[in-house]
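**Q** In case you want the letters, here they are:
There are 2 protein chains.
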Amino acid sequence: MSPPGTDLRERLHQRGLRVTPQRQLVLEAIDRLGHATPDAVCAEVQSVASGVNLSTIYRTLELFEKLGLVRHAHLGSGSATYHSAASAAHLHLVCDGCGAVDEADIAVAQDLVGRLRSAHGFTPDVEHMAISGLCAACSKSVS
Amino acid sequence: MSPPGTDLRERLHQRGLRVTPQRQLVLEAIDRLGHATPDAVCAEVQSVASGVNLSTIYRTLELFEKLGLVRHAHLGSGSATYHSAASAAHLHLVCDGCGAVDEADIAVAQDLVGRLRSAHGFTPDVEHMAISGLCAACSKSVS
DNA sequence: CTTACTGCAAATATTTTGCATTTGG
DNA sequence: CCAAATGCAAAATATTTGCAGTAAG
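Chains A and B are the protein sequences, given in the same order.
The end of the first sequence is residue 199 by the working numbering, with every number in the run present.
The end of the second sequence is residue 199 by the working numbering, with every number in the run present.
It is possible that part of the hints are untrue.
Since the list can't tell identical chains apart, any single copy or any two copies may satisfy a pair.
[Said to hold, decoys possible] Mimicking SDA-like on lysine to any residue, the simulated pairs with C-alpha atoms at most 25 Å apart in a straight line are: (1) Lys196 / Val182; (2) Lys122 / Asp152; (3) Lys196 / Asp181; (4) Lys122 / Gly132; (5) Lys122 / Ala141; (6) Lys196 / Leu110; (7) Lys196 / Ser174; (8) Lys122 / Ser133; (9) Lys196 / Gly124; (10) Lys196 / Leu68; (11) Lys122 / Gly170; (12) Lys196 / Gln80; (13) Lys122 / Gly134.
Hints were generated in silico from the structure; no laboratory data involved.
Make the full structure from the sequences, and use the hints.
**A** Right under this line is the structure:
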């Protein structure tokens, strides 16, 4: 295992980009948070260091996505959330009732993926999928 | 078949709400457009009548959703899009490459729905699902 | 040194809200 | 008439951008 940050250094240097403390902080924050909106990343970063501007967070996340370090998904009406690309691929289950976000293994979508491919020629991006509905707890309270 | 607009009248009257020209125009616009953002609905309405305020469009769409006349889905990063609830239920396939929106029968998700129910106790809202990926045309151009 | 990067403030875009006026029933 | 609905303008959010100063390599 390479020490943390090594991957970031390499990917940035390859393209003639620079390793800044802000970029390292953002990447660490994402790893710690799991899923997070740009705003949440900003708050998390500021709890460690003095302060990183929100614009920089946005620009950094966009860059990281281009570099393949993070991915984003749209969970409902709010902001997009970002998560480390290193973490296992998963589906997002967003509860309309309580807003909780659960994760499901992408294997549960295998059948769907196959059907969309053959019937529509469409190649779904399962990691990016957000599925809304009602979680176990909220299903009960409705019925 | 009842004449168009009858359904709207009934549902509004039932709740002591009023039938206004704006509400009729919005419903007609949604029917004509298929899928549309609030902004697009506004433009479509204004192409027929003189003008309906955007705030009114938002308030009207929210009301219609409560009444079960329309539904909305989040297709990618942009605004939510609304469509008639009367039209057949479907999944939205959004191409990351060209932005095209295709529709798939909800039957293709039957397996996924069952798995999420049994494994997570989660009841997905298939109509609301937006699936991103690459359409047939864009898949080719990438490879 | 060179130029990529950051912070800041202003510009955009999107959706919501308060309130005076209009209007459906 | 009277409560509901609309228009308008302002507020709240979310995201992007121009630019001058800072700092990585």
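**Q** Each hint needs a verdict: does it hold in this structure or not?
**A** Going through the hints against the structure:
Taking the closest pair of Cα atoms, Lys196 and Val182 come within 25 Å of each other only across two copies (19 Å); inside a single copy the shortest separation is 28 Å, beyond that limit. In this assembly of identical chains, Lys122 and Asp152 lie within 25 Å of each other by CA distance solely across copies; the values are 14 Å between and 31 Å within a copy. Taking the shortest Cα distances, Lys196 and Asp181 sit within 25 Å of each other only across copies (16 Å), while inside one copy they are farther apart (31 Å). In this homomeric assembly, Lys122 and Gly132 come within 25 Å of each other (Cα to Cα) both inside a single copy, at 23 Å, and across copies, at 17 Å.
Taking CA atoms no more than 25 Å apart as the test, Lys122 paired with Ala141 passes inside one copy only; the shortest distance there is 11 Å, against 38 Å between copies. In this assembly of identical chains, the alpha carbons of Lys196 and Leu110 never lie at most 25 Å apart, being 40 Å within a copy and 37 Å across copies at closest. For the identical chains of this complex, Lys196 and Ser174 are inter-copy neighbours only, at 15 Å across copies versus 36 Å inside a copy, given an alpha-carbon limit of 25 Å. For a Cα distance limit of 25 Å, the shortest separation of Lys122 from Ser133 qualifies both inside one copy, at 24 Å, and across copies, at 16 Å.
Taking CA atoms no more than 25 Å apart as the test, Lys196 paired with Gly124 passes between copies only; the shortest distance there is 22 Å, against 39 Å inside one copy. Taking CA atoms no more than 25 Å apart as the test, Lys196 paired with Leu68 passes in neither setting, with 49 Å inside one copy and 30 Å between copies. For the identical chains of this complex, Lys122 and Gly170 are neighbours neither inside a copy (27 Å) nor across copies (35 Å), given an alpha-carbon limit of 25 Å. Within a single copy, Lys196 and Gln80 get their C-alpha atoms no closer than 43 Å, and across copies no closer than 36 Å, so neither meets the 25 Å cut-off.
Proximity of Lys122 to Gly134 under the C-alpha cut-off of 25 Å is found in both arrangements, the shortest distances being 22 Å within a copy and 19 Å between copies.
Violated hints, listed in ascending order, are 6, 10, 11, 12; each of the other numbered hints is respected by the structure.
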